[in-house]
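Chains P and S, in that order, give the protein sequences. As numbered in the UniProt record's numbering, residues 1 to 422 make up the first sequence, in order. As numbered in the UniProt record's numbering, residues 1 to 422 make up the second sequence, in order.
It is possible that some hints are incorrect.
Unchecked claim - Some, not all, of what chain P presents toward chain S, calculated at C-beta under 10 Å:
(1) V78
(2) L88
(3) R106
(4) R220
(5) S223
Claimed, not checked - Here are the computed distance ranges between Cβ atoms for each label pair:
(6) D225(P) x A274(S): 27 to 37 Å
(7) D225(P) x A339(S): 30 to 40 Å
(8) S44(P) x E359(S): 26 to 36 Å
(9) D253(P) x A274(S): 38 to 48 Å
(10) T308(P) x A230(S): 45 to 55 Å
(11) P57(P) x H336(S): 24 to 34 Å
(12) A339(S) x V283(P): 22 to 32 Å
(13) D340(S) x D253(P): 53 to 63 Å
(14) T320(S) x R33(P): 58 to 68 Å
(15) K183(P) x D340(S): 36 to 46 Å
Hints in this document: simulated from the structure, not taken from any laboratory. The beta carbon of each residue, even a glycine, is placed where N, CA and C say it ideally should be.
Number of protein chains: 2
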Amino acid sequence: MTEMLSAAALAQAVHAGRLSPVDVAERCAEAIRAREDEVRAFASLDLPALVAAAGAPELAATPLAGLPVGVKDILDTVDFPTERGSKLFAGHRPTTDAAIVRMAARAGGLIAGKLVTTEFAFMQPSVTRNPRRLTHSPGGSSAGSAAAVAAGMLPITLGTQTGGSIIRPASFCGVTGYKPSFKLLPVLGLKPFAWSLDTIGLFGAHVADVAFAAGALTGRDFSLDEDHPAPRIAVVKTARAHLAAADAHAALDAAAAAAGKAGARVTALDLPDAIEAADEATVAVQGYEASLAFADEWDRHRDALSPTLATYLEGAAAITPERYDAARRTARRARHALADLFAEYDALLTFSVAGEAPEGFATTGSPAFNRLWTLTGGPCLNVTGLTGATGLPIGVQLLGRFGRDRELMQVGRFLERAITAA
Amino acid sequence: MTEMLSAAALAQAVHAGRLSPVDVAERCAEAIRAREDEVRAFASLDLPALVAAAGAPELAATPLAGLPVGVKDILDTVDFPTERGSKLFAGHRPTTDAAIVRMAARAGGLIAGKLVTTEFAFMQPSVTRNPRRLTHSPGGSSAGSAAAVAAGMLPITLGTQTGGSIIRPASFCGVTGYKPSFKLLPVLGLKPFAWSLDTIGLFGAHVADVAFAAGALTGRDFSLDEDHPAPRIAVVKTARAHLAAADAHAALDAAAAAAGKAGARVTALDLPDAIEAADEATVAVQGYEASLAFADEWDRHRDALSPTLATYLEGAAAITPERYDAARRTARRARHALADLFAEYDALLTFSVAGEAPEGFATTGSPAFNRLWTLTGGPCLNVTGLTGATGLPIGVQLLGRFGRDRELMQVGRFLERAITAA
Chain P
1 MTEMLSAAAL
11 AQAVHAGRLS
21 PVDVAERCAE
31 AIRAREDEVR
41 AFASLDLPAL
51 VAAAGAPELA
61 ATPLAGLPVG
71 VKDILDTVDF
81 PTERGSKLFA
91 GHRPTTDAAI
101 VRMAARAGGL
111 IAGKLVTTEF
121 AFMQPSVTRN
131 PRRLTHSPGG
141 SSAGSAAAVA
151 AGMLPITLGT
161 QTGGSIIRPA
171 SFCGVTGYKP
181 SFKLLPVLGL
191 KPFAWSLDTI
201 GLFGAHVADV
211 AFAAGALTGR
221 DFSLDEDHPA
231 PRIAVVKTAR
241 AHLAAADAHA
251 ALDAAAAAAG
261 KAGARVTALD
271 LPDAIEAADE
281 ATVAVQGYEA
291 SLAFADEWDR
301 HRDALSPTLA
311 TYLEGAAAIT
321 PERYDAARRT
331 ARRARHALAD
341 LFAEYDALLT
351 FSVAGEAPEG
361 FATTGSPAFN
371 RLWTLTGGPC
381 LNVTGLTGAT
391 GLPIGVQLLG
401 RFGRDRELMQ
411 VGRFLERAIT
421 AA
Chain S
1 MTEMLSAAAL
11 AQAVHAGRLS
21 PVDVAERCAE
31 AIRAREDEVR
41 AFASLDLPAL
51 VAAAGAPELA
61 ATPLAGLPVG
71 VKDILDTVDF
81 PTERGSKLFA
91 GHRPTTDAAI
101 VRMAARAGGL
111 IAGKLVTTEF
121 AFMQPSVTRN
131 PRRLTHSPGG
141 SSAGSAAAVA
151 AGMLPITLGT
161 QTGGSIIRPA
171 SFCGVTGYKP
181 SFKLLPVLGL
191 KPFAWSLDTI
201 GLFGAHVADV
211 AFAAGALTGR
221 DFSLDEDHPA
231 PRIAVVKTAR
241 AHLAAADAHA
251 ALDAAAAAAG
261 KAGARVTALD
271 LPDAIEAADE
281 ATVAVQGYEA
291 SLAFADEWDR
301 HRDALSPTLA
311 TYLEGAAAIT
321 PERYDAARRT
331 ARRARHALAD
341 LFAEYDALLT
351 FSVAGEAPEG
361 FATTGSPAFN
371 RLWTLTGGPC
381 LNVTGLTGAT
391 GLPIGVQLLG
401 RFGRDRELMQ
411 VGRFLERAIT
421 AA
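Please construct the entire structure, taking both the sequences and the accompanying hints into account.
Spelled out as structure tokens, the structure:
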């Protein structure tokens, strides 16, 4: 069994002098040596360099306290190859770090290595396995980022979400996944898939851990109040509720009941049509943008793309600018309608995924419960603590108001504690 | 004296069979051989390859009709070095074309070469000279893009604007510059400076030429109606009017008078405070984002940056996330207030620049009349036809409603004709 590493607790221990950054790096290295062969979370890794870097004298006083940070291999790094899950970029060495990688380094994080992404962060399954049950998918596209945290190998990892690539693997692997408000974390140095959707986010053990990491990385206030008032939560099952398995419904109902028992005001809510309409709009937005984001690969290197991606791009090429522009207008209306809801609710609660992680590696699962929230752009959080029919994790998803990420973390911690207590 | 090349007229001649793409390429090559030594618009160039490529049989039937397109050297190209105006990227060869470069190629444009940018599209002057008077600055940062059109060397060029880097050089060089609605042209493969501001745009001889190019590049309808009704125009001198020289005021007044004489309803308008407040907000937005966009260069290669850029980045590093977030909120309020104005007006008319091109090469001029409109994100157009105290061009700037770029082109052609007729 795996014990996850708490970023917040480790940083606190380093700041207090109870642990050194070298102690933390060695603990990670030990877990990686124990589990990486079977989990396959890393695309590249240099454990001796990590432990050596942890010896730098000033690290313990930094915001990230020298904690090892794993980086999804869709983000550019100078010190590690950046292969983007594609043979087209085998051995590729960028000239420049992604901005978020520099932010992590400036905050005192140590880049531990690159984590497996599906090909260009799309749907073709990767080599990574689910640490909770090795015969099952970890989800995608941030497969390695979720798995490395779930396996206790790293306390903080960076992932990205264009459809459901943070919340889905977080749910499957039983870790906390945080998709911030659109553009809170800069995407410079991310290989784009769809520029209106691509969002960098974080994985950690629990809500306090991603809140700690978000605060340390961005320099913003993500501190959580101990006496935060019980939130007002709207449970939104959405027009896609029929796609969720019975155990996903049970998990969502259990989370809502636990929140209510802990004092939250919990209300069932049907989403306005203006919001539901934007789910379908994601298809045109993502497809049109992907067909331009991969124009070079499509025009010059089509044979090097997986059939999964090539088939997708072929269909996407038929999306007209008119259809795209109409989809963007639909998205804008949905964002306004969603903002209105937050006058009455502190957070929405919905499915993270349709069920437990799929058995085998034929699929990374469906983003059906994620893509609408990526397009509308507010913060999303996968909250852990519940399990499905076969005992694998099933998370529930909290949605916050655009730009109010810290407030969502408050609700997230409330819900996490409520689930644990229930 | 220089005659500019009309993209719309050349494409029409090719589509009608009166000219071949090879004829057009040879005409460009001849102009480039005649003027490039003194203008210095190109960062890289391969005229034999251009003429050879123009011989491909299917080109004449494409939307861009095989017209040569010049690309600002801040955009990635596989076939030409991409040096970004910085010695840090001397000889750099990207693995992938920028999306807009692929769009141009897919539409049947021939990439003629790379055009000089200031260092990373910032303020340090480049080697390019103003084709209208070689002792004067062409402006920046899209120096080569404006100069190549002004010198009659190319019919269409791509530039970028983060502060005023399209409208300013267009005005100084006497060409039509078009900064589209934010993200109309995808920025993938652009070296970022500030991701909320960086905008790709076009230069051409006249309004019909950039409208033609925008339509051909994007597949959207940019056709201009011959019988478009006379527009409602608000003249906004802004709180920075005192920065404009007497001849810039005279040009703006002359443009307004010409529009009125041609039948437009012309009204003087003081901008609401909510809009004016966003001018100062550009400082924090640009600076905060630049300090992350150049994090790698700053952390690793500081000595290779110009003093102009290094000093700027040093100051920018002090901008807190709180100040940045507040500036973004100010920008959002300004965008809403600006949208409200377009209920009553079809376009706003304001200064493009503070005056004629500066003599010498110590400065590229000021973006004081541009940065607010880059941040608010609607389409901007530099309209030609007027001159300043010493006979150099002074453009005027039209501002349109976000997403209504074609409508702005209609007003632009109306104004251009009105100025010519007056």
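Outcome of the hint check:
About 7 Å separates the beta-carbon of V78(P) from the nearest beta-carbon of chain S, less than 10 Å, and the hint is met. With its C-beta approaching chain S no nearer than about 8 Å, L88(P) sits inside the 10 Å limit, and its interface hint holds. A hinted interface residue such as R106(P) counts as satisfied when its beta carbon comes closer than 10 Å to some beta carbon of chain S; here the least separation is about 7 Å, so the hint holds. About 5 Å separates the beta-carbon of R220(P) from the nearest beta-carbon of chain S, less than 10 Å, and the hint is met.
Look at S223(P): its Cβ only gets to about 14 Å from chain S, farther than 10 Å, so that hint breaks. Distance hint check: the CB atoms of D225(P) and A274(S) are about 33 Å apart, consistent with the given range 27 to 37 Å. Distance hint check for D225(P) and A339(S): the Cβ-Cβ separation is about 37 Å, which falls inside the suggested range of 30 to 40 Å. Take S44(P) and E359(S): their Cβ atoms lie about 54 Å apart, and the range 26 to 36 Å is violated.
Between D253(P) and A274(S) the beta carbons are some 45 Å apart, a value that agrees with the proposed interval 38 to 48 Å. The hinted range of 45 to 55 Å is satisfied by T308(P) and A230(S), whose Cβ atoms lie roughly 54 Å apart. For the pair P57(P) and H336(S), the beta carbons lie near 50 Å from each other, so the given range of 24 to 34 Å is not met. Look at A339(S) against V283(P): about 27 Å separates their beta carbons, and that is inside 22 to 32 Å.
For the hinted restraint 53 to 63 Å between D340(S) and D253(P), the CB-CB distance of approximately 45 Å leaves it violated. For the pair T320(S) and R33(P), the supplied restraint of 58 to 68 Å is violated, since their beta-carbon distance comes to about 41 Å. Take K183(P) and D340(S): their Cβ atoms lie about 25 Å apart, and the range 36 to 46 Å is violated.
Hints 5, 8, 11, 13, 14, 15, counting from the list given before, are not met by this structure.
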